[in-house]
Amino acid sequence: MSFYDIILKRIRKIQEKAEEEEPITNVTVSAMLTAELTLIASVLVAVVMVRLIHPVLMIIMIAAVLIIALMVMPIMPRLRREQNDDLNNMMFYVVVALGIIVALFYWGNLNV
Amino acid sequence: MNANALIAVMVILPIASALFLNLLHKKDRTIKILAIITAIVIPIIPLLTPYGSHFFGGYVPLAQNATLAQGLPSLITGTQLFQFHPGIMYVFTSAQQLMVFVLGLITFFAIFTFLNETKRPSGVYAFLMFMGTASVSAILLSDDIFNIFVFFEIAALAQVGIIVASGIKNNYETALKYTLLGNIAGPLLLLGIVILLGVTGNVNVTDMVFTFKQGYVDPNSPVILMSMALIAFGWLYASGLPPFHTIKSAVYSKALPHGAALLQAFSVFTLVAIGIIILRLFSYNPFTNIAIIGISVIAMILGITMAIVQTDYKRILGYLAVGELGYIGIGLGLGTAFGITAGLFQAVNEAIITSFLFIGFGTVLYKTRTSNTRKLGGMMYVNPKVALLVLLAGLAMAGVPPLNAFQSKLMLIQAAIQSGLPELGIIMILLSIVTFMTFMKAFYTIYMRPKPKELEILDNKIPRSTVISMVALLIICVILGLFPQIATNSLQTLAAGLV
Amino acid sequence: MVVDSQLMSFFTAGSLVVIGIFAALFLDNLIKKIIGLAFLADGVNLFIITMGYKPGGIVYIFLPDMVVSNFAQTASYPLPFALVLTNIVIGASTLAVILGLVIILNKRHGSLSASKILRDKGE
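Chains as they are written, first to last, in our numbering: chain A, 1 to 112; chain B, 1 to 499; chain C, 1 to 123.
Worth double-checking, as some hints may not be accurate.
[As the list claims (entries may be wrong)] Stretches of chain C that chain A covers, calculated by requiring three or more beta carbons in the stretch to come under 8 angstroms of a beta carbon on chain A:
1. 16 to 25
2. 112 to 118
[Unchecked claim] List time: in silico DSS-like cross-link candidates among lysine-lysine, alpha-carbon distance up to 27 angstroms:
3. LYS375(B) <-> LYS385(B)
4. LYS54(C) <-> LYS169(B)
5. LYS9(A) <-> LYS375(B)
6. LYS169(B) <-> LYS213(B)
7. LYS441(B) <-> LYS9(A)
8. LYS461(B) <-> LYS26(B)
9. LYS385(B) <-> LYS451(B)
10. LYS375(B) <-> LYS461(B)
11. LYS116(C) <-> LYS169(B)
12. LYS441(B) <-> LYS461(B)
13. LYS169(B) <-> LYS453(B)
14. LYS27(B) <-> LYS461(B)
15. LYS441(B) <-> LYS451(B)
16. LYS375(B) <-> LYS169(B)
17. LYS116(C) <-> LYS461(B)
Just so you know, these hints were derived from the structure itself, not from any lab.
Cβ atoms here follow ideal geometry from the backbone N, Cα and C, with glycine treated the same way.
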């Protein structure tokens with residue numbers, strides 16, 4: 001089974017769970033695949049910036065991100081489902097983000 | 001009347017015209033004439049206005065007013081109270097000139113296409129567009145942070161109005177979601193502002209910076225950190241960075257194409273204006289820059305990856321617009337004069353290019369009444385000239401030379417490398433490529449693949465004004481791409497002042 | 001025990017903000033959500049008023065028979081009150097817009113439940 005088929009199967013499984021009636025076309029799958037690869041690649045490159053804090057921490061974090069990414073692949077269908085237009089969902093993430101921002105500004109000022 | 005009163009006219013004229021247009025219900029001809037005259041005048045005013053500052057009500061600082069200062073006790077003249085700005089102040093420099101001019105230009109093109117694509121132009125819709133332009137100009141000009149908050153709320157209401165007026169399916173739901181979220185972000189932004197007021201006793205940004213620098217207030221006190229976080233949160237809402245990227249892209253997709261073109265310009269310039277305020281107030285704290293860069297990178301990654309998996313081309317553009325905001329944020333977050341100049345230049349470019357794209361793809365909606373890419377195809381044969389213009393807009397967004405975003409993205413990457421963060425450069429290049437791919441995917445499905453049988457193409461001709469607007473925007477893109485100094489020279493002074 | 005009225009007002013403002021966010025997050029009925037948001041805005045307004053409070057302060061109107069230095073020391077700070085007035089006006093207009101939208105949506109869907117009206121439509 002090629003990589004493409006594995007991804008296709010996983011996407012189908014996740015979509016079944018979500019009960020989406022969208023048809024799975026070639027374009028959908030390749031779009032998902034591109035998004036997936038872009039996501040992982042850019043997150044990995046972004047994590048390299050941890051080197052400014054400590055090089056060893058960077059290596060550990062890159063390894064961790066890689067392992068997590070491979071284990072929970074494909075991430076994109078889930079991420080897409082999480083970022084939907086439901087008000088309750090949006091409201092939840094907005095309040096969570098508020099908490100994170102306030103906490104980070106306190107922590108960041110003490111530690112950076 | 002001194003010449004600096006023109007600074008206030010930049011805000012007052014669109015508001016006055018908007019209020020007047022609102023009264024002229026059902027008088028189509030008058031509405032058309034008045035709207036087009038205002039739209040022409042709006043971009044011209046910033047070009048005629050001399051640099052300087054305007055004090056509303058004539059409330060200059062006491063130090064500059066000899067008659068009032070006479071006979072005041074030393075309690076006032078001996079302290080910094082003497083220097084403070086008692087009234088609302090608008091500052092107008094070359095950077096503001098360029099940004100208000102570009103905003104005015106986009107307003108002009110939006111109004112121009114709106115008046116020609118709609119058979120019975122509604123005065124209320126023009127009212128909303130001008131009101132939004134006025135408030136975003138005020139946000140760009142104002143030096144008074146509470147004044148910025150007031151116009152932030154007015155801009156939010158105008159945006160809601162533009163969505164409601166579109167008549168697209170489910171637009172009321174999106175409008176309600178946007179206002180509900182805005183009602184969490186707005187009061188919290190205000191809370192951040194009044195905490196600063198409580199600590200420094202002032203709402204004027206220049207005075208607050210002065211208070212921090214002179215050490216009258218401890219800038220690292222937890223109260224100020226709290227206000228910093230709350231203002232940053234309000235900034236995220238106003239500009240549509242995560243976690244507000246989903247609602248912002250929905251907002252763009254629920255507006256008519258000319259409305260969406262204007263809405264994204266509002267977001268871009270609000271992002272820049274409040275971002276500059278945040279940098280001016282809090283850049284003493286290194287964490288501010290880290291936070292801005294972090295949010296921008298998340299916005300880029302989430303915006304662009306979400307754009308790939310969408311099937312509605314308006315939604316694709318909406319997410320791409322959010323993703324492109326990340327580039328501006330990175331420029332601001334780098335904190336060097338070169339980086340901030342690059343970020344501001346990217347903001348100007350992005351406002352132009354995204355309007356270009358929204359107006360361009362708007363022709364598809366005009367001809368087919370659908371925005372679902374699954375149902376579209378073969379539009380190339382319908383109108384190859386428009387297709388070519390849209391393709392050029394996409395190339396501009398991806399940063400292909402000799403178009404403008406190439407220059408600003410190159411500057412951004414250079415700035416990232418100079419600041420010792422080449423990773424940001426790599427991410428920006430990677431995501432530029434993916435942006436282009438996403439655009440090409442949409443372009444292919446709409447224009448190049450065979451036309452589906454069910455697709456009905458309406459017989460109405462694309463108005464010439466739409467094509468003229470697109471060509472004009474393309475010309476601006478090429479000019480800024482070949483001579484970036486035109487923009488960067490005006491932006492440099494502001495950027496250098498922020499470091 | 002003497003209760004500091006300013007401190008208590010700050011406490012009330014804080015609780016109003018928390019209640020408002022809680023209501024906006026966890027209540028399903030749109031009208032209740034909007035009441036929560038009004039709580040949030042009012043909490044901020046109360047915060048501003050409380051900040052401008054000065055124990056024993058006088059009204060900030062300078063009358064001809066007043067001494068400048070005395071006035072400067074005893075008058076309360078006028079700016080917060082001006083800001084509150086502006087914010088109340090803004091809040092009222094936003095509330096009007098939201099309620100107008102809710103009326104239209106209620107007519108269309110025949111419901112006030114946020115999870116029914118404002119769920120993801122999958123477009």
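Going through the earlier hints one by one, which of them does the structure break, listed in rising order? 4, 6, 17
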